[in-house]
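Construct the complete structure from the given sequences, taking the supplied hints into account.
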Amino acid sequence: MRSFRKIKEAVATRLMAFLTVSSSLIVFFMITGLYVRSRPILSVHSLSELLFSSSWHPLRGEFGFLPFIVGTLWITGTAVVIAVPLCLFTAIYLSEYAPSRIRALFAPLIDLLAGIPSVIYGIWGLLAVVPMIKNQLAPVFGVFSTGYSILAAGIVLAIMIFPVIIHVSLEVLQSVPGEMREASLALGATSWQTVKTVVLRRARPGIIAAVVLGFSRAFGETMAVLMVAGNVARIPGSVLDPAYPLPALIANNYGEMLSVPLYDSALLLASLWLLVVILLFNVCSRLILVRVERSVL
Amino acid sequence: MSFKPHIRVENLNVYYGKEQALKNITVNIPDRKITAIIGPSGCGKSTLLKSFNRLLDPVDHVRISGRVFVDQEDIYDSKVDVTRIRKKMGLLSQRPYPLPMSIYDNVAYGPRLHGIRNKKTLNEIVERNLKISSIWNEVKDRLNTPASRLSIGQQQRLCLARGLAVEPEIILGDEPTSALDPKSSQRIEQRFIELKSEYTIVLVTHILRQAKRLADYVLFMYLGELVEHGSAEEIFSNPKQEMTKEYIGGTFS
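So the sequences go chain by chain: A and B. If you read the first sequence in our numbering, its first letter stands for residue 1, the second for the next number, and so on. If you read the second sequence in our numbering, its first letter stands for residue 1, the second for the next number, and so on.
Hints should not be assumed to be uniformly reliable.
[As the list claims (entries may be wrong)] Covered stretches of chain B, going by a simulated chain A footprint (3 or more residues, C-beta under 8 Å):
#1 54–67
#2 76–86
#3 98–107
The set of hints was computed from the structure by calculation and includes no laboratory data. Keep in mind that this is a model prediction, so the values were computed, not measured. By construction, the Cβ of each residue, glycine as well, lies at the ideal position given by its N, Cα and C atoms.
Here's what the structure looks like:
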């Protein structure tokens, strides 16, 4: 009887250890799988040709990813440019100015944004942002836009990355010791002078990490962007032009166009790039945040 | 002991939420003397000290009633410019907190806040105050390195220089030697003795011997109340209250 209990214990421990290890190994299997499946296209085209050619004609065997890469960068960049100042001021307000009551109310509300399904953001973009750009914004600049544009995707994405950037920056700001603020205030600094020259300076690495985390979140977002970006495979000229980001390309075409030779391999190569870039960004920002946490202790 | 007061506290009450941290404190702090606030931890020493330069303001749920006069001016009057009040006082905290910048910029921070831009003037201010704080010789060749690289004792002297650079009248020390080694503590104490001819110094300390070494005037607090105050001789040799006797005799700490 006693030995049976011991056997159960040993089996359960090993099983749980196995599950833990295998779930963290999945990412390596994915990378390996994607790499193996994308090799056919790499044996026909060089990497630089795939990355820097803007000729996307799969039927003719031309797979230039440049329009998609540029589209992704434009959209992500627009989202970050919109989100960073707004998030930073929000985090500064919540951390430095708001009474604890307000902070306790609004910080979870902002976190809640992270739980909204991306298709909802997409619908909102479709119904609110796209018409606004088409009817109000584009005419102001005297240009025609369908509204399906980099800007529309950027605005929607910006709001989607709010919770990430605000949450992490808020934590970083709160990790600045109160005595450091007191030291600055005691010298006759105003709150704003203290924030600007002491708190932000001390929190800078962590805030950079927050932005990188937001960037990588935006980089891979698929659904909401796909719904409002217009999906035209051309290098965009302005933020009011449509763009075709990489995740949208993969989602729209995988499974549909696989009769075209090498198409499957091309899309999996694009997936591999996305995965690697996002992993790298995440690892970098986590490393910075771990260092920030250590410096507090 | 009769003296010219620099800070006058009248019926000061401080509440953190429902908890009362200071109970009806009325006391005068003498000009250009070292005043020590002693008492067991949690008795309100630090709260009283922070009420002098309105550092309680940013605390959540804090309520303050009563008045504090510095140079005859009610610092809790709603028309008062808080930054000007704070500029009158240099603060040393329990652990030194150098600002996240170079040694030079730490000292120049205060003067720059108050509008001094001239490079030569700033250089003079930095050098003078680092010398007064007796750290100049140790840092003069590396003024542009981050202040966080200094030893903790050096950091505390740097913080003293930083506080003095805004030309305060008062130095507030919240157990300023508690994180330091004995040698560094001694250097800070010596600075205080030298500085008291020009500054009013108020020290919170839980080290009785330090209070005996430095203080001219002593406040003994217990559970938010000011139990007894008077000249150092009076308090240490002839305390009137039973509680003070016990604390000074070491019955409790």
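Here is how each hint holds up against the structure:
1. 54–67: Since three or more residues must qualify, the claim that chain A covers the region 54–67 of chain B holds, with 4 doing so at under 8 Å.
2. 76–86: holds (count 3)
3. 98–107: holds (count 3)
Checked against the numbered hints above, the structure breaks none of them.
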